[in-house]
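Each chain, written out:
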Amino acid sequence: MTRRDAMPSSPRRRGRTRWYLVTPLIGLAIIVAGVVWLESLAPEVDTVDRRVEGVPPLAMPDERACTRQTGEGVAEELRDAFPQGGRIGSTQVHLCPRAFDGLGVTYVGEVIGEVLPRRGGAWVQVNDDIYALEVGPLVGHREQDGFNTGMSVWLPDGLHQQIEAAGRPGRRGDVILVRGTLHQADPDDGGGITVRAEELEVLAETIEIDDPLHVPQLIVAIVLAIAALATVAWSRRTARRA
Amino acid sequence: MILRPGADDIRLIAFYLGKVLLGLGLVMLVPTVIALFAQEWNSATAFVVGASLCIIVGSASSARFATRRPLTWAHGMVIVALAWLIGAVFAAIPMYLSGRFGDPLAALFEAMSGLTTTGMSVIHDLDHTPLSEDLYRHLLQFAGGQGIVIVVLSLFAAGGARIASLYVSEARDERILPNFIRTARFIFMVAGTFLVLGTTALFLALLGAGFTPARAIYHAINLFFASFDTGGFSVMQSSIIYYHSLSVELIVMLLMMAGTLSFGLHFALWNGNPRDVLRHLETRTLAITSTLFFAAVAFGLLRTGTYDSTEALFRKGFFTLVSAVSSTGHQVNVGDTYLTDWGVLAPAAIVGAMAIGGMASSTAGGIKAIRIGIAFKTLVHDVKRILLPESALVVTTYHAGKRRTLRDETSRAATTVLLLFLVTHLFGAMVGLLYGEFDITQTLFESVSVGSNIGVSIGVVSPEMPHGLMAVYIVMMWLGRLEYVAVFALMGYLLSLARGKAKA
Amino acid sequence: MMATTRRDEPWRRQAVRGVGLVIALGLTVFAIGALISVAFVLVMG
Numbered sequence: 001m002t003r004r005d006a007m008p009s010s011p012r013r014r015g016r017t018r019w020y021l022v023t024p025l026i027g028l029a030i031i032v033a034g035v036v037w038l039e040s041l042a043p044e045v046d047t048v049d050r051r052v053e054g055v056p057p058l059a060m061p062d063e064r065a066c067t068r069q070t071g072e073g074v075a076e077e078l079r080d081a082f083p084q085g086g087r088i089g090s091t092q093v094h095l096c097p098r099a100f101d102g103l104g105v106t107y108v109g110e111v112i113g114e115v116l117p118r119r120g121g122a123w124v125q126v127n128d129d130i131y132a133l134e135v136g137p138l139v140g141h142r143e144q145d146g147f148n149t150g151m152s153v154w155l156p157d158g159l160h161q162q163i164e165a166a167g168r169p170g171r172r173g174d175v176i177l178v179r180g181t182l183h184q185a186d187p188d189d190g191g192g193i194t195v196r197a198e199e200l201e202v203l204a205e206t207i208e209i210d211d212p213l214h215v216p217q218l219i220v221a222i223v224l225a226i227a228a229l230a231t232v233a234w235s236r237r238t239a240r241r242a
Numbered sequence: 243m244i245l246r247p248g249a250d251d252i253r254l255i256a257f258y259l260g261k262v263l264l265g266l267g268l269v270m271l272v273p274t275v276i277a278l279f280a281q282e283w284n285s286a287t288a289f290v291v292g293a294s295l296c297i298i299v300g301s302a303s304s305a306r307f308a309t310r311r312p313l314t315w316a317h318g319m320v321i322v323a324l325a326w327l328i329g330a331v332f333a334a335i336p337m338y339l340s341g342r343f344g345d346p347l348a349a350l351f352e353a354m355s356g357l358t359t360t361g362m363s364v365i366h367d368l369d370h371t372p373l374s375e376d377l378y379r380h381l382l383q384f385a386g387g388q389g390i391v392i393v394v395l396s397l398f399a400a401g402g403a404r405i406a407s408l409y410v411s412e413a414r415d416e417r418i419l420p421n422f423i424r425t426a427r428f429i430f431m432v433a434g435t436f437l438v439l440g441t442t443a444l445f446l447a448l449l450g451a452g453f454t455p456a457r458a459i460y461h462a463i464n465l466f467f468a469s470f471d472t473g474g475f476s477v478m479q480s481s482i483i484y485y486h487s488l489s490v491e492l493i494v495m496l497l498m499m500a501g502t503l504s505f506g507l508h509f510a511l512w513n514g515n516p517r518d519v520l521r522h523l524e525t526r527t528l529a530i531t532s533t534l535f536f537a538a539v540a541f542g543l544l545r546t547g548t549y550d551s552t553e554a555l556f557r558k559g560f561f562t563l564v565s566a567v568s569s570t571g572h573q574v575n576v577g578d579t580y581l582t583d584w585g586v587l588a589p590a591a592i593v594g595a596m597a598i599g600g601m602a603s604s605t606a607g608g609i610k611a612i613r614i615g616i617a618f619k620t621l622v623h624d625v626k627r628i629l630l631p632e633s634a635l636v637v638t639t640y641h642a643g644k645r646r647t648l649r650d651e652t653s654r655a656a657t658t659v660l661l662l663f664l665v666t667h668l669f670g671a672m673v674g675l676l677y678g679e680f681d682i683t684q685t686l687f688e689s690v691s692v693g694s695n696i697g698v699s700i701g702v703v704s705p706e707m708p709h710g711l712m713a714v715y716i717v718m719m720w721l722g723r724l725e726y727v728a729v730f731a732l733m734g735y736l737l738s739l740a741r742g743k744a745k746a
Numbered sequence: 747m748m749a750t751t752r753r754d755e756p757w758r759r760q761a762v763r764g765v766g767l768v769i770a771l772g773l774t775v776f777a778i779g780a781l782i783s784v785a786f787v788l789v790m791g
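Protein chains in written order, with our numbering: chain A, 1 to 242; chain B, 243 to 746; chain C, 747 to 791.
Worth flagging that the hints you see were computed from the coordinates, not collected in a lab. Backbone N, C-alpha and C fix where the C-beta goes; we use that ideal spot for every residue, glycine too. Hints are not guaranteed to be accurate.
To be verified - If you want the footprint, here are the derived chain B segments under chain A, 3+ residues with CB under 8 Å: (1) 291-297; (2) 336-349; (3) 576-589.
To be verified - Here are a few chain B residues that sit away from chain A, every Cβ distance over 12 Å (derived from the structure): (4) Met431; (5) Ile463; (6) Arg526; (7) Met672.
To be verified - A partial selection of chain A residues facing chain B, derived with a Cβ cut-off under 7 Å: (8) Cys66; (9) Leu116; (10) Val220.
Here chain A stands alone, though its shape is the one from the complex (with noise of 0.2 Å):
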């Protein structure tokens, strides 16, 4: 400690010590707009070979929301309005589950993660938004659509057998198409919200997804290490002198 250091406040010091908060901030927003420069330079693909032909329409495309209030008759009235066997989508049963309990109908989407056999048949994750559906796993693109939405959908006897393969991080899962009931408390899944399924058929079989490499960000990756090594041998140097 000099003996600088033991003088009262004077500009020159207070301007030291601005400097020493302004720096690592522009330093951060610099880091920032590097991170977001490098992310847009990522290469895309073209989504369309990824969207699934042959997916019937929704049976009933608004989606409304009801609650558990009395007196409030939009269950009844989806219910009433729903034909029977019709496809449900998954954010319109979660809108308002109690609307479609024990009804026959229509279920389609993605097997994601995996196939679970248990004793009598499977469960399977199917997954109907975007990614399912139309562009693809987010993989090699842009086209974010939010979070994955799906239902639980129980394949007895053996018909779990059909599906080749499931959705995982390289590779859109079968597209498959169920007949069943949904239940909104299931007693087999300890009051989950699930389809039992009773007839199925594969709308869309599995396809590999390829990452295309992005080039400039595995250049700045070496870049960077080396930077990083460098920087950690100049840190012991400093270290051992003081």
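Once you've looked at the hints, dock chains B and C against the given chain A.
Below, chains B and C alone, put in the same frame as chain A:
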């Protein structure tokens, strides 16, 4: 205490922050290795970019500003406050580069959510996310959970015993063992033991649920970090629904409870003193509040007809309550259905449980049971004082590690922070209402969940949520994890700098 | 509470005891939750 920071103070803070960044850089190396093995090349380069930046800034800073100056309480608080903020910014780098986030703010949200063990997510297409990126999200919960405890303890070890006594002024029992190093080691031993046992139990349960061994290991490890660190991120978007397994749910609940048990109580159990646990004010507070809230949940769900069986009530209602109390955030229901299918009473009870949160000195969030307990004791104390003659001496005691007397400073500290939490929750709820797309049930539920670092979502938090609300939630998660005190120290610092009172 | 540490005890025994007691505590909590569920289902039908 008037804070008048100078250049030396800033250098000291920069030194310790450098070390924190170095730690974060090392954490990023783990998913890098996984990405290379899994041939997820773009993820690997993203992590290398992130790790390199952390290491460059971190080692440069800690070398340039190396010092042996002792820390004061103010320094420690500012470092902790900034550690989470700066840490979240750097942690967000590989996330944003993955292309799964709409903009840098969303990546920052996810990073802050992981580090504060909140567990709210704004990621696009989680179900197709590369393994390394998913593991990274879960590792951040571990880093923010166990890791930060170590950071705090070592900071205070650097500061000396005087700091320790200041830090425990809020009736918290951080000094489990007389020596900070031994305390840190004990915490790691507990975490390590549960890691081995918990992951194994989950692995076996997942095998039984129909998983292949490789997938079972992957899910088991991630589930462990999310549950024991009471984080709440999940491998799949459908959270715990994905598993359809009672055994998985039971093990997860046990891990969540283990995670919300304070380390002091773990220590008591390891030493064979279960009675200390039963006598502790926090245990008793949580036992009473959780029972009452669960009764409300059960009543609410049955009355609306949402569920009508014991099994459903337990696997949906009780699980959600445990998730809320432990501030984990795992869900067995799709968020929207809390609004559309659970009625009003059950979600309200969950909100209450979330507001209270778990135990202090654990990775749990919320107001914390100790403050609720102290607030209640304060109320009883004041009522007694009014009712008894003026000359009577009223002494209230409680058990928190050892028998303690209720002191005015303790009452004030507890109730002040309680008030701050509640004000923040309400503020967050109001901001949510500004956008006109959500109603009060949704915004209040989400605000309490975010501000208490819980992570149970009713659907307001999503990749498409309004940016202003996202920014407010980021600040709330930060405030909630730091329990305000550290943030005030930081604000004080900044204010004195702005006023030009910087000393030489 | 924290003053006494059985430092000489092998940590493995401490771990078994610690984890065992945590599990016991957890199971107790489960039992209470299950009881409340059963009670409400019975009462409210």
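Tested hints:
Using a Cβ-Cβ cut-off of 8 Å, 5 residues of the region 291-297 of chain B lie near chain A, which meets the minimum of three, so the contact claim holds. Beta-carbon proximity to chain A at under 8 Å applies to 6 residues in the region 336-349 of chain B; the threshold of 3 is reached and the given coverage holds. Counting residues of the region 576-589 of chain B whose beta-carbon sits less than 8 Å from any beta-carbon of chain A gives 9, enough to reach three: the coverage restraint holds. The beta carbon of Met431/B sits about 30 Å from the closest Cβ of chain A, which is more than 12 Å, so the claim that it is off the interface holds.
The Cβ of Ile463/B lies farther than 12 Å from every Cβ of chain A, with a closest approach of about 16 Å, so its non-interface assignment holds. The Cβ of Arg526/B lies farther than 12 Å from every Cβ of chain A, with a closest approach of about 30 Å, so its non-interface assignment holds. Even its closest Cβ contact with chain A, about 22 Å, leaves Met672/B beyond 12 Å, as expected for a residue assigned away from the interface. The criterion of a C-beta within 7 Å of any C-beta in chain B is met by Cys66/A, whose closest approach is roughly 6 Å, and the hint holds.
A hinted interface residue such as Leu116/A counts as satisfied when its beta carbon comes closer than 7 Å to some beta carbon of chain B; here the least separation is about 3 Å, so the hint holds. Taking 7 Å as the C-beta contact cut-off toward chain B, the hint placing Val220/A at the interface holds, the least distance being around 6 Å.
When each numbered hint is compared with the structure, no violation occurs for any of them.
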